[in-house]
Every structure is written in C-alpha cells, then in structure tokens.
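Listed in order, the protein sequences are those of chains A and B.
Just so you know, the working numbering puts 21 at position 21 of the first sequence, and the rest follows in order with no gaps.
Just so you know, the working numbering puts 28 at position 28 of the second sequence, and the rest follows in order with no gaps.
To be clear, the hints were calculated from the coordinates, so they are not data collected in a lab.
Among the clues, some could well be false.
To be verified - For lysine-lysine, the following DSBU-like pairs were computed, each having C-alpha atoms within a straight-line distance of at most 30 Å:
{"#": "1", "chain 1": "B", "residue 1": "K14", "chain 2": "A", "residue 2": "K3"}
{"#": "2", "chain 1": "A", "residue 1": "K3", "chain 2": "A", "residue 2": "K73"}
{"#": "3", "chain 1": "B", "residue 1": "K64", "chain 2": "B", "residue 2": "K41"}
{"#": "4", "chain 1": "B", "residue 1": "K41", "chain 2": "B", "residue 2": "K66"}
{"#": "5", "chain 1": "A", "residue 1": "K103", "chain 2": "B", "residue 2": "K66"}
{"#": "6", "chain 1": "A", "residue 1": "K73", "chain 2": "B", "residue 2": "K64"}
{"#": "7", "chain 1": "B", "residue 1": "K20", "chain 2": "B", "residue 2": "K66"}
{"#": "8", "chain 1": "A", "residue 1": "K70", "chain 2": "A", "residue 2": "K3"}
{"#": "9", "chain 1": "B", "residue 1": "K64", "chain 2": "B", "residue 2": "K14"}
{"#": "10", "chain 1": "A", "residue 1": "K103", "chain 2": "B", "residue 2": "K55"}
{"#": "11", "chain 1": "A", "residue 1": "K103", "chain 2": "A", "residue 2": "K73"}
{"#": "12", "chain 1": "B", "residue 1": "K66", "chain 2": "A", "residue 2": "K16"}
{"#": "13", "chain 1": "A", "residue 1": "K103", "chain 2": "B", "residue 2": "K41"}
{"#": "14", "chain 1": "A", "residue 1": "K103", "chain 2": "A", "residue 2": "K16"}
{"#": "15", "chain 1": "A", "residue 1": "K73", "chain 2": "B", "residue 2": "K41"}
{"#": "16", "chain 1": "B", "residue 1": "K66", "chain 2": "A", "residue 2": "K3"}
{"#": "17", "chain 1": "A", "residue 1": "K103", "chain 2": "B", "residue 2": "K64"}
{"#": "18", "chain 1": "B", "residue 1": "K55", "chain 2": "B", "residue 2": "K14"}
{"#": "19", "chain 1": "B", "residue 1": "K55", "chain 2": "A", "residue 2": "K3"}
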Amino acid sequence: AQKITQTQPGMFVQEKEAVTLDCTYDTSDPSYGLFWYKQPSSGEMIFLIYQGSYDQQNATEGRYSLNFQKARKSANLVISASQLGDSAMYFCAMSFLIQGAQKLVFGQGTRLTINP
Amino acid sequence: GAVVSQHPSWVICKSGTSVKIECRSLDFQATTMFWYRQFPKQSLMLMATSNEGSKATYEQGVEKDKFLINHASLTLSTLTVTSAHPEDSSFYICSARIVGETQYFGPGTRLLVL
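Excised from the complex, chain B in its bound form (with noise of 0.2 Å):
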C-alpha cells in the first residue's frame, strides 16, 4: 500500500526558532500534498495545500509567513514552523494524494515549543 513518512516524529525546540518537518511518500508519485494541525483533543484541521513546484494554497486563518512549505518534487514537501512560539506546538499531519484515489496520511510530528 502507500506509505507516506515523516520527519522527526518528535520535536522539541526553543522559542523563537525554526523547525522544519519533512513529508515523504515512499513509494508512489503523489500529486498533491497536504498539511493538517491537530491540538489536543480536537480534530485535524486542513492548514494549506501544495501541489509539486507551485506555491502553496493556504486555508483562512493560517499565515503563510509563518508556515512555510515547498513541494519540490513529487515525493517530498516541508513544512518550516519559523519562529516557533508556544502557542504553534501541536501534532502536524500530512497526507499525500494520487490522482483519483484517498489520501494517504503520515505518522504525524508532534512539536513542543518552549
């Protein structure tokens, strides 16, 4: 089956620092890439889609300054955290999809800032 990865599952930063989170699907060609957050308790909430060499899309409400992301190839997005402050620790999610078929999740990151 597909299998998408992720990189570092855990996190730990300073505030005020950048941290970076890497998405890859290991085994297929994913057309689309995407980024979710999920805090404690709550449900995952769609932060920004990327599609491979074009600039993200970003939902309402998520800065695009603070949540960098690059799609440069068809297996690998980041997402950069810069400037990470307490409040932008979480459980970061993406998924990759393939034309026509569901999207495929990876294991998460969970980022604390202190």
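Here chain A stands alone, though its shape is the one from the complex (with noise of 0.2 Å):
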C-alpha cells in the first residue's frame, strides 16, 4: 500500500533561514509522483513543487527545491531564504495508479512557523 509519512509535526525558524521539510514514502509501483502543497489559515492547498518518479534531476521552483532521494523514498523540500508569508501547513503526497484512476495520498503535514 501506498504511504507517506512526515515526521516534523512543528517546525520554527528564523526568517531568512533555509528550511528542510522531511517526507518520506512507500510504494512498490515504479511509476509515481510526488508534491508538495501549502495549507495557509485560509484552508486553499497552494501546489509548491513536483517530482516525478523516473526524473533525473531534483525538481526546483523559485525558493522551492525538492531534495529527491529515490533510493532511500524520500521526498524532502527546501524552502530557502524564509520568509514570514512561508509560515503555514506543508503536505507531502504521492500521486499513484489504482484501478485506472490516479489517486493523491498525503502526509500528516508538518506546521512550520517563521519567526522574525
């Protein structure tokens, strides 16, 4: 079965400060793909970051960076040069095949906080 795991529930740090948010994740499909979102107080999922399972390189956006490490399934994102608007929830899913219907299946997601 599918699983991903987010092990940081909280995470505080200075503004300005690069931050590594941890994934993790379990599949025995080859073919996946996995995302990063944003959950501010609002509630939208803000999509951040993707990496598909068979890309060679680690997927960036801006100060978004996904630190894709697949034999170890992990999934990790960078975020650097924080800044106070970054303060909010991250989720980690992974994308997948079942029965023909491609499902998205999240972490616990982790609240980051950015202080001044």
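Work from the hints to combine the two standalone chains into their complex.
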C-alpha cells in the first residue's frame, strides 16, 4: 500500500534561514509522482512543486527545491531564504494509479512557523 | 493557471438538513474531480473520485448514501451531505484534474452542523 510519512509535526525557523521539511514514502509501484502543497490558515491548498519518479534531476521552483533520494524513498522540501509568509501547514503527497484512476495520498503535514 | 472554485465557502446548518457543495473548474474542463475531507489539525482524506457522466467511486469507509456526488458536466461536481449531523462538521475540499496534469484544488468549504 502507498504511504506518506512526515515526521515533523512542527518546525520553527528564523526568517531568511533555509528550512528542510522531511517526507518519506512507501510504494511498490515504479511509476509515481511526489508533490508538496502549502496550506495557509485560509485552507486553500497551494501547489508548490512536483517530482516524477523517473525524473533524473531534482525539481526546483523558485525558492522551493525537492531533494529526491529515490533509493531512500525520501522527497524532502527545501525552502531557501524563508519569509514570514511561508508560515503555514505543508503537506507531502504521492500520486499513484489504482484501477485506472490516479489518486493522491497525503502525509500528516508539518506546521512551519517563521519567526521574525 | 487552472482555477477551481467552491461554493459556498462557509455553511452552518441544523442537524438533519442536507447541504450541497459545488465545485467548478473555471477555465478548463476536468476529466476527473475529487472530494476530500479534512478534520482540524489533520491531513486530507480522499472521499471519492468522480468522472463526468458516471458514478462516483467512493473510498473505503465513506458512505455513498450519506455523501451524494453528482458530476453533471466537465466543469461541475456537487457533493451533497444528506441528513447532516454534528460529526459531519469538517472542511471539504474538491480538486479537478486534467489528464496528464496535476490536481488543482478549490479553496474549500467549511461545514458546521449544529
């Protein structure tokens, strides 16, 4: 079965520092996708970054990068030069195909707080 | 970019009433729409997957008679919580997907059943 694990319930970081949010996953499927979403207090899910299981290079999107270590089944999110507006819940998710339908399974989330 | 809307954003209702939540893809046609539920301080849990013109596929443990899903067009899916009770109070989020692309999430609907 597919499973996503985020072991950090909460993280506190000083503004302008880099932060790494951990995510490990478990699947026996060779083809899958890994996502990170940001959920501010308003509740909307904001897509941050995507990594395909066959992608050779780590994904980057502005200040976000995904440290993809396939052998270790980890997909950590790195946020460089953190800002106060980065304070939010962050969810790691994995997409997989089951019975012809693509589904997303989410981790438990990490609450990131950026201190001024 | 792809935009998904939900209506209403907030709903408060009395126990025993039914509540309908709409999910619309505004600038694209979605092949598939998904409904999630999120309790406070918890993660998103997939409730059901719906494709236009066909019956929704519900996840294990989700009562299909309780949570009615209608996917009438490529841009609209509705979730009806029938005979709502306080334990149905939650944050409901829909998402829409184009084939070969990621899911785009709506802003969510907060339901409070008194």
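Are the Cα atoms of K14 of chain B and K3 of chain A separated by 30 Å or less? Measuring from Cα to Cα gives roughly 37 Å; hence the hint is violated.
Please verify whether K73 of chain A and K64 of chain B have alpha carbons no more than 30 Å apart. violated, 35 Å
Check whether the Cα positions of K20 of chain B and K66 of chain B lie no farther apart than 30 Å. holds, 12 Å
Are the Cα positions of K55 of chain B and K3 of chain A separated by 30 Å at most? Satisfied, since the Cα-Cα distance of roughly 27 Å is no more than 30 Å.
For the pair supplied as a hint, K103 of chain A and K55 of chain B, confirm whether the alpha-carbon distance does not exceed 30 Å. Cα-Cα ~17 Å, so holds.
Given the hinted pair K103 of chain A and K16 of chain A, is their Cα-Cα distance within 30 Å? violated, 35 Å
So if I understand the rule, the pair passes when the alpha-carbon distance is 30 Å or less; does K55 of chain B with K14 of chain B pass? holds, 28 Å
Under the criterion that the straight-line Cα-Cα distance not exceed 30 Å, is the pair K70 of chain A, K3 of chain A satisfied? holds, 15 Å
Under the criterion that the straight-line Cα-Cα distance not exceed 30 Å, is the pair K103 of chain A, K66 of chain B satisfied? Given pair K103 of chain A, K66 of chain B holds - Cα atoms ~22 Å apart, limit 30 Å.
CA of K64 of chain B to CA of K14 of chain B, is that 30 Å or under? holds, 21 Å
Measure nothing beyond the straight line between the CA atoms of K3 of chain A and K73 of chain A; if it is 30 Å or shorter, mark the hint as holding. holds, 11 Å
Are the Cα atoms of K66 of chain B and K16 of chain A separated by 30 Å or less? The given pair, whose Cα atoms are some 47 Å apart, is violated under the 30 Å limit.
Hints 1, 6, 12, 14 from the earlier list are contradicted by this structure; the remaining hints agree with it.
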